[in-house]
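J.: Chain by chain, the residues:
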Amino acid sequence: MSDERFEVVIVGAGPAGIAAALTLAREGVEVLVLERGDFPGAKNLFGGILYTSVVNELLPEFWDRAPIERHIINRRWVLLDEDTQVALDLKSARFDVPPYNNTFTALRSKWDRWFAEQAEEAGAMIISETNVEELIIEGGRVQGVRTGRDEGDVKADCVILAEGANALIAERAGFRPQMSPRNRVSAVKEVIALPPEIIEDRFHLEGRQGAAIEYFGGAVKGTVGSAFIYTNYDSLSVGVGCMIEEFLRLKMAPYDLLDWFKAHPMVAPLLRGGETVEYATKMIPEDSYSALSDLYEDGLILVGDCAGLVNPSIHHEGTNLAMASGVAAAEAIIEARARNDYSKATLARYRLALEESWVMKDLKRYRDSVHFMLDNRELVSDYPDLAIRLIRRYFTVDDMPKDELLNGLWATIKNEVSFLKAARQMWRARKTML
Amino acid sequence: MSIDVRKYLQPHKCLTLEERLALVKCRFDDRSHIEVDQSGFRADPDRAVLFICPAQVFKLNETDDSCIVNYEDCLECGACQVARRYTSWRNPRGGYGVTYHYG
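Protein chains in written order, with our numbering: chain A, 1 to 434; chain B, 1 to 103.
Careful: at least some of the hints might be erroneous.
[Said to hold, decoys possible] Under the rule of at most 30 Å between Cα atoms (straight-line distance), these lysine-lysine pairs were calculated in the DSSO-like manner: (1) B/Lys-13 / A/Lys-110; (2) A/Lys-364 / A/Lys-221; (3) A/Lys-91 / B/Lys-7; (4) A/Lys-364 / A/Lys-421; (5) A/Lys-221 / B/Lys-13.
The hints are simulated quantities; they were obtained by calculation from the structure and are not laboratory data.
None of the values given here were measured: they were computed from a predicted structure.
Based on the sequences and whatever the hints tell you, model everything.
T.: Set out below in structure tokens:
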């Protein structure tokens, strides 16, 4: 590959890198994607929900031909304590028709591979089994990438870094703040095989309908994190993810938390008879908006997870932000190409486009949510626990007159909650988390 | 429907970590992509890498109180280095390491 030169080199064949490659290739830009796995998707992972508003713009009505698992018509948010669950359940026939609320389950090894094929058909070149070790920086600007292959330098007018959550290249070059236990979630997941008929019966679904259940509070031992069960076509994705700081605080291994969750009396019946066919792990970036770097340099743009573009609120969106950033990066580069100027000043168009879109508007809204929760753990431990106890007690049938019952509940609340503190926390929670 | 429903009323069998790791396809390199600074490890009162790694790559060698690195088990998340900077993690060489079948 010595003396190879492309107009654009993209590091990483995930949703962000491929969305950029597809957009660039369609404009006739010579684009090379370097992927360290055996094929695009080989090392890629997420919990399981693919948000598809951007995909549907790039590849209209992709669901007819793409390897998706199920479209989500049922979402459930659950609080658990050691033996009880309280849930908010949303299920709608409106989500059962195109575009299916832009919410699908997928398995990344299959989905990313297919998505990459669409970019290849548009003219992008993708080379797998190639690790990028560092950026080539000369004269103060990024000139290309150094791969692990012999004579493996590849020069480019512009590089797009789409290396994912473990953002080693960006971090080492000083183009993003250091990863830390307070801005990285560690998540583990199992794919648990079950026949489609059993899944449909157990989760009250028909055909390709799917369910997405997320668990908070005691489900993850009152930590800043969550657990999940997502229905694929013939398997479940079951996992937990918490801020690394939380695992450090509990001195607990992620797989032990997962096993504890799977054995919970409200969870175990959903997994009956299922056979674990894969175990996987990934970090999730939850960089606060205020801590993001510029995301563009002379001859370089950062996209997706390595840029820190994940919505850390209850929405947990990531793939759609990744793809939106890939498209925005491509559009900024197309403009730079027309001017033959890939300087930082020109590529600033990328950040501007993100700021004007829902991507940065959402990240800005939730900029404090993770730190707010880490510093106000009552919100994920004491309050959910109290809410479950109150609701359970209220509906516990015995011979106590309801007046007495309600007085008892009020006394419990007064006893356990500082009203002023709770009111302040709820007000801020509304502003930072909802 | 020709499914034996009774089979799916049995409890889910929780695998050991070793059994789970054996499910992941992996091409081993003959050199490690993870280094541990042993003095940093010994100075860590929590020995955090022993539990923070989802693949239990790091094990304690009790004879000399050092950290053993089973890099072949690595699932390439990178959490070790984020949790404790006395570990140093690089990507495995291109074409090596894990390949997820589902992902």
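J.: Does each hint hold? Answer for all of them.
T.: To see whether the hints hold, each was checked on the structure:
Taken as a hint, the B/Lys-13 and A/Lys-110 pair is honoured in the structure, with Cα atoms around 26 Å apart against an allowance of 30 Å. In summary, the hint linking A/Lys-364 to A/Lys-221 is supported, as the alpha carbons are separated by about 28 Å, within the 30 Å threshold. Proximity of A/Lys-91 to B/Lys-7 is assessed by CA-CA distance (about 29 Å); at most 30 Å being required, the pair is judged to hold. Annotation: proposed proximity of A/Lys-364 to A/Lys-421 holds, straight-line Cα distance about 25 Å (limit 30 Å).
Pair hint A/Lys-221 plus B/Lys-13 holds up; C-alpha atoms about 22 Å apart against a cutoff of 30 Å.
Checked against the numbered hints listed earlier, the structure breaks none of them; every hint is satisfied.
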